[in-house]
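There are 2 protein chains.
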Amino acid sequence: MAELTKIILSEKDAPTHWYNLNADLPRLGVELPPPLHPGTKQPIGPETLAPLFPMALIEQEVSTERYIEIPEPVQEVYRLWRPTPLFRAHRWERALDTPAKIYYKYEGVSPSGSHKPNTSVPQAYYNAQEGTKRITTETGAGQWGSALSFACQLFGLDCEVYMVKVSYEQKPYRRVLMQTWGARVIPSPSPHTEAGRRILAQDPESTGSLGIAISEAVEMAVQRDDTKYALGSVLNHVLLHQTIIGQEIIKQLELIGADWPDVVVGCTGGGSNFAGLVYPFLAAHLDGRPQTRILAVEPSAAPSLTRGSYAYDFGDTAGMTPLMKMHTLGHDFVPAPIHSGGLRYHGMSPQVSALKEAGLIEAVSVTQNPIFEANQSFAKAEGILPAPEAGHAVWGAMSEALTCRESGEAKTIVFNLCGHGHFDLSAYDAYLAGALQEYEYPAERVQASLARLPQV
Amino acid sequence: MAELTKIILSEKDAPTHWYNLNADLPRLGVELPPPLHPGTKQPIGPETLAPLFPMALIEQEVSTERYIEIPEPVQEVYRLWRPTPLFRAHRWERALDTPAKIYYKYEGVSPSGSHKPNTSVPQAYYNAQEGTKRITTETGAGQWGSALSFACQLFGLDCEVYMVKVSYEQKPYRRVLMQTWGARVIPSPSPHTEAGRRILAQDPESTGSLGIAISEAVEMAVQRDDTKYALGSVLNHVLLHQTIIGQEIIKQLELIGADWPDVVVGCTGGGSNFAGLVYPFLAAHLDGRPQTRILAVEPSAAPSLTRGSYAYDFGDTAGMTPLMKMHTLGHDFVPAPIHSGGLRYHGMSPQVSALKEAGLIEAVSVTQNPIFEANQSFAKAEGILPAPEAGHAVWGAMSEALTCRESGEAKTIVFNLCGHGHFDLSAYDAYLAGALQEYEYPAERVQASLARLPQV
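In the order they appear, the protein sequences are chains A and B. The first sequence begins at 5 in the numbering used here and counts up one residue at a time. The second sequence begins at 5 in the numbering used here and counts up one residue at a time.
No lab work stands behind these hints: they were computed from the structure. Incorrect hints may appear among the rest.
One copy or two, it doesn't matter: identical chains are merged, so the pair holds either way.
Result set (PhoX-like, lysine-lysine): computed pairs, CA atoms no more than 25 Å apart in a straight line [what the hints assert, rightly or not]:
#1 255 x 329
#2 137 x 329
#3 384 x 137
#4 415 x 137
#5 45 x 175
#6 384 x 45
#7 255 x 10
#8 10 x 384
#9 415 x 329
#10 415 x 45
#11 255 x 16
#12 255 x 415
#13 415 x 175
#14 255 x 175
#15 175 x 329
#16 384 x 415
#17 255 x 45
#18 16 x 45
#19 329 x 10
#20 175 x 137
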């Protein structure tokens, strides 16, 4: 009998708490500057967020408890796909001819195919607990929108998804998935909101943008007492919910007596799957385990961690959200249309940004074609077709493994395969046809956007 | 801690042998008539199949050994996704308000998203062992073609897939998946074969059919010494490979001390996922376990088991294959364009047909809209979006569960969710729009085709 391929954690050994990085920031020597009011530029209190989020989530946003219990109804839903498998990439290691040991956590087994339900489920749960009837959100390619649609359905909430119109029209499958789970999907800009009507008045043919969709979703939440808003990344409470990923990995590695990882690799867009992967390794080091190198891989087209400024900026394009101190390319910078739609964001989670500033994590950026090459190499050996976003982590792990081939070191590499590519096959088609465009660091556009950072 | 949601079998407890129904046919009182030569109408020997299949598979086709060992290299690949999870449908049971206990085996976790790799992997393995360089096959919607592409890649074989032209053009995503795994995908009819050229000479605009694609794939295999052909259902050795499904289920039910199932439900097209599910339950009954009701669910548009004749007929439209005694709608009957492409076949596996004749299994047929209703009900409760084909089993399980609601009986129901619906969202779109056409039993067309059955 060969060494295990899939390391499976039983449901009774699943983590029962989320790990809250905020509790450990002082010990890590990390300072997390507070969010500021977009008008007054003064630090905001939790009450400012009350029109948008239920109190339980706002409390999690500012909590300094180290572990926060996962409610049993949330754990019950998690069991539909969690604990997720940790794979030892035996076949890919042989294909890469590397002495490295590669493990990958596979979050694509969730109903919507990514890590996003780890947070959409508790967000829907807490909203339902506090009497919310409806949740609004925005979605681009549809990963987050489908995860929230799934979660709302489970807790009897209406879900209203403002979907960027060009995606609504060109990529109907994610929309259909959301509708199958009962969500109402609205092409944005829409005539239902002030923000949407303003855009349509200027340009009736507008194909929309994530910034506009956010404005519409927020407006609809603020207007109605029974309606709240939900976000799929960036905020502390969202990252908190993802920490089950890394906690499960540590238990799974312990289960087989594996070496402690030398390097852990995640892709970064807003930072949530990355945080979920790596925060528990930071905690474990504080608790006496060896230090692990932590590597973030981001797209060259939206390189906030590697090329952005660490500054106060808005979370949305229109400048309606609180100001957050983060790595940013400027809130009006619109990344090139790469196929990793989930990573096309101008900013980075404040927590992840602060870790980067403190030197606790490394970051690199990479263009599209190497990502798809890495994904195809992986799919040919391991079977699973990764999402382009997840491919950034695949590429990072492959680079580390190939370095080991050169050096002869048998390092232990762990990465998070945060989603499958079943809805990204048109991107693979373009790649196989050699038609995938490369977008390098757009220096001048970033400079222009950074010049318009808000003065604080 | 609630009762388990996912019952996971560890890799070390995975079945090491396939179960061969042929060994038990005498004890079951079932006679399996031999295949006949299409020309002479005389029983054919294994050597007749040698141009198409490697000897190891031909031996399995006629073997009467009860258990056949799964080669270690095949087991190693199986571990990429096997053992697959068995789920207890807690949430769906509550949604249906039924006292029944519903379990579903989920085969959609395989790299290509269905049960098909259970047989494509050993087929590719045995071909590689015997020096085959290339495997040809046909595919309609692409489930089988993608499973074989994946398997060929793993064992260093070229894969040539003749894909029905209308699907090649209208459903590019499965094609891209095959190409990502390295397969050559050729729209059929093609100019590369005699069969293709003949069709194109008659009709240069032909959109193809599964029958034509089979003819092309078989022709290309017969012509070249280094090339064999592979089939994704119907034949004994294909069904044999699927028996790991039912064997795993029995182990998983034993693991939690579950009641022995009252009824086991599978969908039927050619019969392979159904056989893989139910054969081990037939074997277990012979070995002293209680009898289980076995229910096949097929589409009303292609109701071979419920409305076909039990007669000798060709496996393909053109009449080139050996004659097999099976439930058939006539080899030139072309089923209506239902979205369950994997079930659009005129015949039924000879083994499954013989079981039906012997009264060991039941069968029902159902139209499209009830299938999609059942699938949506399931997806809203359990998260997973089933393939339309798999939906026939979902519908069957739901019907049984609703009967239990009426009677108050807490029966144990097991079904096989043989694939996910990620590549079927255009079908869901049509369903949600109320645009899904119903196709009832096409009595006159079936009668006309049956009138053309070959005389034996």
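Hint by hint, here is what the structure shows:
1. 255 x 329: neither (33 Å within a copy, 54 Å between copies)
2. 137 x 329: Cα proximity of residue 137 and residue 329: none, with 32 Å in one copy and 59 Å across.
3. 384 x 137: Result: close only across copies, 18 Å inter versus 45 Å intra.
4. 415 x 137: neither (50 Å within a copy, 36 Å between copies)
5. 45 x 175: Neither way: residue 45 and residue 175 sit 39 Å apart in one copy and 52 Å across, limit 25 Å.
6. 384 x 45: neither (52 Å within a copy, 44 Å between copies)
7. 255 x 10: Both: 13 Å inside a chain and 18 Å across chains, each within 25 Å.
8. 10 x 384: Cα proximity of residue 10 and residue 384: one copy only (18 Å, versus 28 Å across).
9. 415 x 329: Intra 35 Å, inter 58 Å, cutoff 25 Å: neither.
10. 415 x 45: neither (47 Å within a copy, 63 Å between copies)
11. 255 x 16: both (12 Å within a copy, 19 Å between copies)
12. 255 x 415: within (19 Å within a copy, 37 Å between copies)
13. 415 x 175: For residue 415 and residue 175, neither the intra-copy (40 Å) nor the inter-copy (42 Å) Cα distance is at most 25 Å.
14. 255 x 175: This pair counts as neither: shortest intra-copy Cα distance 38 Å, inter-copy 42 Å.
15. 175 x 329: Classified as neither; 34 Å inside a copy, 45 Å across copies.
16. 384 x 415: Cα proximity of residue 384 and residue 415: one copy only (23 Å, versus 43 Å across).
17. 255 x 45: Neither, since 43 Å and 62 Å both go past 25 Å.
18. 16 x 45: Neither: 47 Å inside a copy, 60 Å across copies.
19. 329 x 10: neither (40 Å within a copy, 42 Å between copies)
20. 175 x 137: neither (28 Å within a copy, 38 Å between copies)
Hint compliance for this structure: hints 1, 2, 4, 5, 6, 9, 10, 13, 14, 15, 17, 18, 19 and 20 are not met, and every other hint is.
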